[in-house]
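Q: Letter by letter, the chains look like this.
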Amino acid sequence: MLSIDILLNAIVTGILLGSVYASLALGLGITFGILHIPNIAHPTLVVAGAFFVYTLTQWGLDPIVAALIGLVPFYLLGVVLYAFYSAVFERKGGANVLQSLTLFFGLSLVIEILLSLGFGSELKSVSVSYIGSSLKLGVLTVPYRLLIPALLAPVTIAAVWFYLSRTNSGTAIRAVAHEERALSIAGLNPASVKRHAFGIATATAVIAGAALIMVGPIEPFAGRYQIGRVFAIVVLAGMGSIPGSLVIAIIIGIAEALVSSYLNPSWSPGVAFAILLLGLALRPQGLFGAAR
Amino acid sequence: MTEAVLSLKGVEKRFGSFRALGPVDLDVGAGERLGIIGPNGSGKTTLINCITGVYRPDSGSVFFEGRDISHLQAHKRARMGIARSFQIPRPFIGMTVFENLLVPLDYCHVEGSRHERARAVLASVGLSGRSSDPSEKLTQLELRKLELARALVGNPKVLIADEAMAGLSEEEIDEVLAILLALNRSGVAVIMIEHIMHAVMRFSERVVCFETGRLIAAGTSSEIAENPLVQKVYFGE
Amino acid sequence: MRKNSLVFLAGIVIVLALGFLMPWLLRNPFYFFAGYVVLQYVTIATGWNILGGYAGYINFGAAGFFGAGVYLSAFLFTSFGLPLPLCILAAAIVGAILGVLMGYLTLRIQGVYFAIATLGLVVVLETIVHNISGLGGASGMAVYGPRPPAWSPGPSQYNFTVMVVIAVVSVALARWVEISWIGRGLRAVRASEDAAECSGVPTLRLKLVACALSGAVLAAAGAPYPFYTSFVEPVTAFSLIIGLNAIAMPLIGGTRTWVGPVIGALLLASVQQIATVTISSELNILFVGAVLIAFVAFAPGGISDLFGRKKGRARL
Amino acid sequence: MKTRRQFHKLMAVTAAGLAAPAILGSKVFAQDKPIRVGASVSLTGPLASTKNGQIGYELWRDDVNAAGGLLGRKVELVIYDDQSSAANVPAIYSKLVDVDACDVLFSPYGANLSAPVMPFIKQRDLFMIGMFGLAGNDVAKHDKFFHSGPWGPNSGRDWARGFFDLAKAQGVKKIAIINADLEFSKNAAKGGADVAKEYGMEVVFNQSYPPNTSDFSSMIRNINAGDPEAIFIASYPADSTAIIRGVKEIGISDKVKLFGGAMIGPQYGALLGSLGPELNGLVNSHTFVPEPTMQTPAIKSFFDRYTPIAVKQGVDPLGFYIPPFYYVAGQLAAAAITGSKSVDPAKMAAFLHANAVDTIVGKIAFTEIGDWKERRVLMVQLRGIKGNDLEQFRNPGHQVILDPPSLKTGELAAPYNKARAS
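Chains as they are written, first to last, in this note's numbering: chain A, 113 to 404; chain B, 599 to 835; chain C, 782 to 1097; chain D, 399 to 820.
Isolated chain A, as found in the complex (with noise of 0.2 Å):
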């Protein structure tokens, strides 16, 4: 009896991880599956957005208003980010993996530094009313904490996702990464699209970051624990299939839920990683990618 009352909490706590882990690698399903920019500076910007976040909740606002009010400036950072990525590297007939990895490597760096000497390097949690109380359903307990974050995933991913697909601009960036010549024949620039792209995915990063700060507190580092997970899911689901993102995020939420349950939390950090190295093993293309 008690078993499976555990059980089925760890599999309600790994959705509920996955889901977060999902809106964390969200920005770099587009930067990375979409157009192919390895920023792997990603999750310190998702750490940026929740210290953005933090700031604001210290004024009484609300950590998902805050989120909301961030999505401007995160936008305006991301299309800056990639007006300077763009100088250096695309008009040399576009960048070299190892150059763009290095360069958002060094980006990660300088974004962690700058948030310790604003922020000091003590950890910043929200207080919200909600945090701390439990849903209670029958041998089920869902954290608040856990429950809002893990909701506010698939509606961030259900908006991009139709944006990506129903709407002209976001059609647009899809085909930027394929056929840029085809792009600036029907007319728009494929430069423009692309800063418009990366600017989305940066926004998402201040969600991810209110996400973040809910589950728990943050530090400026803290980037660095995410990196893995993020790009197992963006790399598992196929290069920027964003609903598959989803799905995978569940899958390794549940996978570190069960082992830190039923082996010991201590391997669980590993877990992420090897299903990522399996899954490149036996299905290079991930699991939910066409071949390229």
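Quick caveat, the hints were computed from the structure, so don't treat them as lab data. Computed from a predicted structure; not experimentally measured. All C-beta atoms, glycine included, are put in the ideal place defined by N, C-alpha and C. Just so you know, not all the hints are guaranteed correct.
Covered by chain D, per the in silico footprint, the following chain A stretches (three or more residues, Cβ under 8 Å) [to be verified]: (1) 117-124; (2) 239-246; (3) 324-336; (4) 367-375.
Subject to a maximum C-alpha distance of 27 Å in a straight line, what follows is the list of computed BS3-like cross-link-like pairs (lysine-lysine) [what the hints assert, rightly or not]: (5) A:Lys-248 - D:Lys-646; (6) A:Lys-248 - D:Lys-816; (7) D:Lys-595 - D:Lys-572.
Starting from the known structure of chain A, fit chains B, C and D onto it as the hints suggest.
A: Just chains B, C and D, lined up with the frame of chain A:
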């Protein structure tokens, strides 16, 4: 024609449910000049990839000098004597023109001095003057020549020239054709894949035409030019 | 080419001689502590560059290989009393195996996936070490090194000399790879994998060789570390700063030749050594990050490229 | 021979040049050669939250210099940032000793960062005050090493014994232990399990978790399934918050009498402020709390000066846990120097072994390996916290000392659920 250096038997390649090529049967004689034409997406590049080993065919076999090479990796086939040039030139940037030629020489067996061989080939394509320049500094024509030089430096028995003349001017086309003809005279079979019709027709002893992955016609240049199937493919009804 | 090789050989002999003599000439042990770290980074940068620079495959997991070397050597020494040179050799072998394993899993796909997978290697190895109590787990493990041999005046000097030897061997290995057919093949791979393959280059096998050599050097760089700190624990053995420096140093110095990583490591590691012990602030890390961005953005050829490299033209 | 010496000199000058900014920061032109005290502090990296200890060092230096220095010499601090990485420690201490010629050394924070320096000071026979390294000298057994922290003898096992004494007094038979997979927590948990065994308690659940775990719901459910009467937790700040929140969300059995033990975090202002009333009922270790049995004019004056500096630097404004003991480290060094009238390591050490020293946290006497003779780790229960105002923690009654008995200011409120609700 009796002595096929390269022969394809029932070669077929699918991507998922989409059949990109085949089944195709095709023989290339030693020292033959074969032209391959067909519209975009007709399976020409897939065919080359099956011959050179970039793809493994889903069924059928590729024979080289009577030996089944269907399961050999691309670099092994290259060492046996199947060379290719790429449609979009892919120089080894970061290396000089001369070093570009040393790469195949490092890995393919060539008699005599490697450096002399490289110099001779550069001279034969007219790139001697640029020998020690970085390959990223070359012009479009020079890149095409480098592409050919790198393909033929390893003494291949078959050379596949994938749209080696696209985007070149008439004089430049003549220059490339001359290189290929000279090569062919030394006994190398040349497979030319080309959209520039007059060049293929002028060059080839035999032309085959592909459409939606199938070989629809074969014959001499003039036979192909008059073939109604080919005309339909190229000019519609 | 002959002449260059002779000059290189003479350089090696001089550096090795200095490595053995300096401890007797220079009394202040601090220089050997600081010098050890600089040389460790020379080795790491050189090892990383064999794969990252020549073949263009980024390894974010340098710390994984390094940490594997650290732990293997600590384990072999404390459990079996294996002498340091054998520990280094064992670390190099395990590093090579690890490299081939990583390569085999991911190299058949694009380079990005390799980079991401190497990010994971660190996490996976660190998790494993955390969960093995024989290696001290999270609490770490004290390693009291052996007495230094008679030809060295003290432990810090001995570690320094050992590191000099490792660094010299690594640089010589990197140079050999660079000027041999392997290096030419790897550069061809970096430029265009398909074209290399169709020129007869066995790309997968060559990349695996590069993985193995790179892994061996990175792991060997870690092998003397337990004796340097007398203590190993997972957080520093698999530290991000190692992964960062492994990339930053070759990129700053230049990735095309063996000189680049050496210059980059000497420069950056010295600056870091001075910076850690003098100005002490987050600004140091900020500086490294900014320098990295600046080089990638504005001088992708690194320092060795900035100083007009006429030598880079064909060696005829 | 001569050229070698010149070369040596040249190198030393170069090194001094490198060190210039650090030295120029203090008064380099003093008539008498100052006494140099060298330390490495984690100004950056994961342990940067301990950097407020530096304020303790600096206050001590200012106090000593204001009183005319030691043996008529000024005191100068040489502090480097180890970036929380053990890899930086050997070179830093070699520089402190070989280039900066420091007379007294303070260790880096905690056992992991201190471990690399232990063989070094033993081999070179140097004098060092240890900073918070649990059982830091138990392996090296260096006789010139002294802990400023109150861990007491056999600390690897015993430092949290107070928690188990309290549990024993409550008749606890079944106990659960969880810990972060990090050095300090792991040692605490291992020691705890040993003591529990010694007291005949059954450990019904014993698990470690990785450092960046953010969700503890499954672990808390597993603990509940084991039905323990006490829960011993060795955690770091992030997980401390997550665990306390997790318990609030999932709930815990009324049988649990004691909850806490070795959680790092609820000693710091950041966590006290962010969790506030959620901390009520927690029984946790501490080194100093402003309870009547510990409050002295000296320590009060210390905090009166500490707080404004801390506020200005943006570090923990309360600073109860670490900073006083950094000041104590200075006092220990000062006592050893003035007591032995020298900066000779052997004489300084001999003095500290022979004499108890008065400090702002009380009188300290040392064992042969430099542990406090008497363990003085506090077990405090957090109570009556209202709202998130930090100032309330400066008043007595919110961090009630339950153990050791000599400092006790109240009785345990149990069970945990009841104490939590209060």
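Q: Against each hint, give a clear statement of whether it holds in the structure.
A: Hint-by-hint comparison with the structure:
1. Coverage of the segment 117-124 of chain A by chain D holds. Counting CB-CB distances below 8 Å, 4 residues qualify, and the rule asks for three or more.
2. With a cut-off of 8 Å between beta carbons, the segment 239-246 of chain A has 5 residues touching chain D; three or more are needed, and the interface restraint holds.
3. Coverage of the segment 324-336 of chain A by chain D holds. Counting CB-CB distances below 8 Å, 6 residues qualify, and the rule asks for three or more.
4. Counting residues of the segment 367-375 of chain A whose C-beta lies closer than 8 Å to any C-beta of chain D gives 3; at least three are required, and the coverage claim holds.
5. Straight-line distance between C-alpha atoms of A:Lys-248 and D:Lys-646 comes to about 13 Å, which keeps the hinted pair within the 27 Å bound.
6. At most 27 Å may separate the alpha-carbon atoms for a hinted pair to count; A:Lys-248 and D:Lys-816 meet this at roughly 21 Å.
7. As the CA atoms of D:Lys-595 and D:Lys-572 are separated by approximately 10 Å, the hinted pair is consistent with the 27 Å bound.
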